[in-house]
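Trainee: For reference, the chains in residue letters:
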Amino acid sequence: MTDILAKDDQQLLLGNEAITRGLVEAGVKFATTYPGTPSSEIGNILETMAHKTGMYFEFSSNEKVAMETAAAAASSGVRSFTFMKHVGLNVAADPMMTLAYAGVKAGMLILSADDPSAHSSQNEQDNRYYATLSLLPMMEPSTPQEAKDMIKEAYRVSEELTVPLIFRTTTRVNHARSVVKFGSIDESPAIGHFDKDDKRFVNIPAFAKLNRVRLLEISKKAQELSEGSPLNFIEGSGDVGIITSGVSYTYVKEYTSGTSILKLGFTNPLPEKKIAEFIRNKKCIIVVEELEPFVEDQVLRICAQNQLNVPVYGKRSGHLPRQWEFSPDTMKGLADLVKVQEMPVPLDQCSIKLPGRPPTLCAGCPHRGIYAATKKAVGDNPHVYCSDIGCYTLGVQAPFNTADFIICMGGGAGAAGGFAQATDQKAIAFLGDSTFFHAGIPPLTSALFNDHKILMVILDNRTTAMTGHQPNPGTGRTFGNVNTEAIDIEAMVKGVGVKFVKTVNPYDVKEATRVMKEAMEFDGVSVVISKMACPLELKKQKQLINKQYSVDGEKCIKCYTCLKMIACPALIKNKDKTLTVDKTQCIGCGMCANICPKGAISEVKQ
Amino acid sequence: MKYTIQIVGVGGQGVLLASMVLGNAAMKAGYKVSMSEVHGMAQRGGSVLSTLRFGDNVISPLEATGGADIIMGFEPVETCRSLTLGNKDTKILMNLDPIYPSMVAAGFEEYPNIEELVRSVKNVNQHVATIEATKIALQAGKAVAANAVMIGAIAAIKGFPISKELLKETLMETVPAKFVDLNSKAFDMGYDAMKH
Numbered sequence: 001m002t003d004i005l006a007k008d009d010q011q012l013l014l015g016n017e018a019i020t021r022g023l024v025e026a027g028v029k030f031a032t033t034y035p036g037t038p039s040s041e042i043g044n045i046l047e048t049m050a051h052k053t054g055m056y057f058e059f060s061s062n063e064k065v066a067m068e069t070a071a072a073a074a075s076s077g078v079r080s081f082t083f084m085k086h087v088g089l090n091v092a093a094d095p096m097m098t099l100a101y102a103g104v105k106a107g108m109l110i111l112s113a114d115d116p117s118a119h120s121s122q123n124e125q126d127n128r129y130y131a132t133l134s135l136l137p138m139m140e141p142s143t144p145q146e147a148k149d150m151i152k153e154a155y156r157v158s159e160e161l162t163v164p165l166i167f168r169t170t171t172r173v174n175h176a177r178s179v180v181k182f183g184s185i186d187e188s189p190a191i192g193h194f195d196k197d198d199k200r201f202v203n204i205p206a207f208a209k210l211n212r213v214r215l216l217e218i219s220k221k222a223q224e225l226s227e228g229s230p231l232n233f234i235e236g237s238g239d240v241g242i243i244t245s246g247v248s249y250t251y252v253k254e255y256t257s258g259t260s261i262l263k264l265g266f267t268n269p270l271p272e273k274k275i276a277e278f279i280r281n282k283k284c285i286i287v288v289e290e291l292e293p294f295v296e297d298q299v300l301r302i303c304a305q306n307q308l309n310v311p312v313y314g315k316r317s318g319h320l321p322r323q324w325e326f327s328p329d330t331m332k333g334l335a336d337l338v339k340v341q342e343m344p345v346p347l348d349q350c351s352i353k354l355p356g357r358p359p360t361l362c363a364g365c366p367h368r369g370i371y372a373a374t375k376k377a378v379g380d381n382p383h384v385y386c387s388d389i390g391c392y393t394l395g396v397q398a399p400f401n402t403a404d405f406i407i408c409m410g411g412g413a414g415a416a417g418g419f420a421q422a423t424d425q426k427a428i429a430f431l432g433d434s435t436f437f438h439a440g441i442p443p444l445t446s447a448l449f450n451d452h453k454i455l456m457v458i459l460d461n462r463t464t465a466m467t468g469h470q471p472n473p474g475t476g477r478t479f480g481n482v483n484t485e486a487i488d489i490e491a492m493v494k495g496v497g498v499k500f501v502k503t504v505n506p507y508d509v510k511e512a513t514r515v516m517k518e519a520m521e522f523d524g525v526s527v528v529i530s531k532m533a534c535p536l537e538l539k540k541q542k543q544l545i546n547k548q549y550s551v552d553g554e555k556c557i558k559c560y561t562c563l564k565m566i567a568c569p570a571l572i573k574n575k576d577k578t579l580t581v582d583k584t585q586c587i588g589c590g591m592c593a594n595i596c597p598k599g600a601i602s603e604v605k606q
Numbered sequence: 001m002k003y004t005i006q007i008v009g010v011g012g013q014g015v016l017l018a019s020m021v022l023g024n025a026a027m028k029a030g031y032k033v034s035m036s037e038v039h040g041m042a043q044r045g046g047s048v049l050s051t052l053r054f055g056d057n058v059i060s061p062l063e064a065t066g067g068a069d070i071i072m073g074f075e076p077v078e079t080c081r082s083l084t085l086g087n088k089d090t091k092i093l094m095n096l097d098p099i100y101p102s103m104v105a106a107g108f109e110e111y112p113n114i115e116e117l118v119r120s121v122k123n124v125n126q127h128v129a130t131i132e133a134t135k136i137a138l139q140a141g142k143a144v145a146a147n148a149v150m151i152g153a154i155a156a157i158k159g160f161p162i163s164k165e166l167l168k169e170t171l172m173e174t175v176p177a178k179f180v181d182l183n184s185k186a187f188d189m190g191y192d193a194m195k196h
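These protein sequence lines map, in sequence, to chains U and Y. Counting along the first sequence from 1, when you hit position 96 you're at 96 in the numbering used here, and nothing is skipped either side. Counting along the second sequence from 1, when you hit position 96 you're at 96 in the numbering used here, and nothing is skipped either side.
Simulated from the structure, these hints should not be mistaken for laboratory data. There could be a bad hint or two in this list.
Straight-line distance between alpha carbons at most 30 Å, and here's what the computed DSBU-like set of lysine-lysine pairs gives [stated by the list, open to error]:
| # | chain 1 | residue 1 | chain 2 | residue 2 |
| --- | --- | --- | --- | --- |
| 1 | Y | K178 | U | K332 |
| 2 | Y | K2 | U | K339 |
| 3 | Y | K88 | U | K542 |
| 4 | U | K52 | Y | K135 |
| 5 | U | K494 | U | K531 |
| 6 | Y | K88 | U | K583 |
| 7 | U | K339 | Y | K135 |
| 8 | U | K540 | Y | K178 |
If we take Cβ atoms under 7 Å as the criterion, some of the chain U residues that face chain Y in the derived model are [as the list claims (entries may be wrong)]:
| # | residue |
| --- | --- |
| 9 | K253 |
| 10 | E254 |
| 11 | G258 |
| 12 | R301 |
| 13 | P328 |
| 14 | T360 |
Every residue gets a Cβ at the ideal spot worked out from N, C-alpha and C, and that includes glycine.
Kindly produce the complete structure, drawing on both the sequences and the hints.
Mentor: Take a look at the structure:
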């Protein structure tokens, strides 16, 4: 139904789909990413259609690499795009800060998809501060249509200023869906040429000092562009002025009335003159923006510098919250300042106690097996489970409880070294295949180097599962007309000098337990690779061999070892305490049969 | 005119597909459309919520608490969990076929009695329509067609602003060719179940 490449049409598009259409319309020829919600769909779409538009696209091993790769393209005259979730920009911040000094020849956008309310993230940082920190221009769309339209303008501005532009979205722009009208498709070169220019591109101290001055001049010019930008416009009238940006604009526009609205799309640098003019003669100003008081604090400064004695309300005044994403309900906080649409009285919460429904590891997920094996192997020995960002964070739940420390990609593996050194507990780091390539290699080499006796368990399910099955260096590349071989994790780990490296089949829980015990006893850095493809990925590839298992009621002694160790959603404990296998969920992995002490679970012979 | 549908259910039930069918039908009917979906971790068996708003001047992708014109509940517990999305005038379409959360399946938590759940909803709202969408889908041929049953059912709700014909046509364009017959049958059975 969705066809991003259609001509002169309108379609019901997800914000992320609209963004890919915007890239096509802007003639972008080079894109890179590391997958992260809420930006992941952009990559999934580009993977399938980039080659049709002559665009090069790749999943890089992390955001830093993605930033550097895209920077090279833009420095060679090829319009490039790199995108990531908010925490991904922390990884990529290092190259970005100096890239601002070097600048680019063709346009380059850095999309940061922020996640207020941390729907699928470890924090809810506001990345708009990266724009003021790096002195890079920034734009923020409010809707899918605007996201698409703004991209062309963003490339124009990036090229006029010769620096990358930060394109900041939030979850409710990325994952909003609305009718998007398509525009014309521009062309730009796919192959560039890099002209040596050491003073710009080689930021040794002598040159960096000069580039700082250059960047400040560019920033001044950006200020002028922002003042005149059609992305910053005034709507409505009234002596109460609202200044807003991003998705917050849609809530202001629909759920409040009777005000004058200054809607900001070009949000770094802010159009200071335009803001001062807007504020002059207003009774009061309200700043409506998600997360931090980024615009609000600058508005307060602009008021002070222009001797404007107009009260400014927003987060600092307590009318709006600083935590979590906004919604129409948030507008109720402004009821004593502006006319807010009357809202119906919601029904009471259900009086019956409802069971929770947290996301869970899938039926037949191989992670269940290695977690069960680890628990068995660890027994009562003191330990700390360090985890990473991916499906395995779900290991935090019962019955596994195998995540004691999670901060960021690769962070668990790094922390494991610290726990190993600073405590008398065994540190076990879990990370996925993709996260191993993302940020797991440096902590492994550090552990070897510093003799931290950690046990690293690489949960290699042959894909980047949590974000929607994107490929990674461990899966090999088979898209965009490029085929590369999968990198062998075991050989790689041996290659850096780890003496204990074993690969196990997590469905064979008994054998995996034996290996885990051995690994824990090893005096040094040990690595266990739990290797089994994600069943969801196999299903997508139509490679899942569907087998069925069933419980023999005669043999089952109701010890529930299977539930306690694996808790597979396909195993159902009935009201009469018997166990059955849910045929619609069972994939026939045999994990439960492997651990049943009485051999009561077996494959159904077709 | 503005109309808001809050579609709630469990990852894997086809909530997002159903919301796409409804959204595309609304677009074809000439309305402005604004939607919002929950992605990411929710796809691992968690609760799923999709907000669909359409009408003459919808801008925001989210609706205020209590502002739903209809709650389309794909799963009984999820319908109850989302009651605050509606108000006393909200219509509630409630599938009665449960999907057990993992902790219920493993026997660590209890799933409430379905009749009690329905009664608790009816206690606070007079406009509850119930359906056994999964059972009907099985009769039509396959459990996965439950979302087509639900779309058929919503078409039969009194005052629903998109026509049955347009909804069915959009559904048929959305599903893979080999499942057109199954979905067509499921849609009709869902519609008929509501009409009786």
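Trainee: Each hint should be assessed against the structure and marked as holding or not.
Mentor: Here's how the hints hold up against the structure:
Of the supplied pair hints, the one linking Y/K178 and U/K332 is violated, its CA atoms being roughly 49 Å apart against a limit of 30 Å. Taking the CA atoms of Y/K2 and U/K339, the gap is about 19 Å. The hint holds against a cut of 30 Å. Taking the CA atoms of Y/K88 and U/K542, the gap is near 46 Å; set against the 30 Å cutoff, the hint is violated. Note on U/K52 and Y/K135: the hinted pairing is violated, with a Cα-Cα distance of about 43 Å set against a maximum of 30 Å.
Distance check on the hinted pair: U/K494 and U/K531 sit about 16 Å apart at the alpha-carbon level, within 30 Å; holds. Of the supplied pair hints, the one linking Y/K88 and U/K583 is violated, its CA atoms being roughly 39 Å apart against a limit of 30 Å. For the proposed pair U/K339 and Y/K135, the alpha carbon gap of about 48 Å is over 30 Å, so the pair is violated. For the suggested pair U/K540 and Y/K178, the alpha carbons sit about 17 Å apart, so the restraint of at most 30 Å is met.
Below 7 Å, beta-carbon pairs count as interface contacts, and U/K253 has one with chain Y at about 5 Å; its hint therefore holds. The beta carbon of U/E254 comes within 4 Å of a beta carbon in chain Y, closer than 7 Å, and the hint placing it at the interface holds. Because the closest C-beta pair between U/G258 and chain Y is about 16 Å apart, greater than 7 Å, the hint is violated. About 30 Å separates the beta-carbon of U/R301 from the nearest beta-carbon of chain Y, more than 7 Å, and the hint is not met.
A least Cβ separation of about 4 Å between U/P328 and chain Y falls short of the 7 Å threshold, and the interface hint therefore holds. The restraint placing U/T360 at the interface with chain Y holds, with a minimum CB-CB distance near 4 Å, inside the 7 Å limit.
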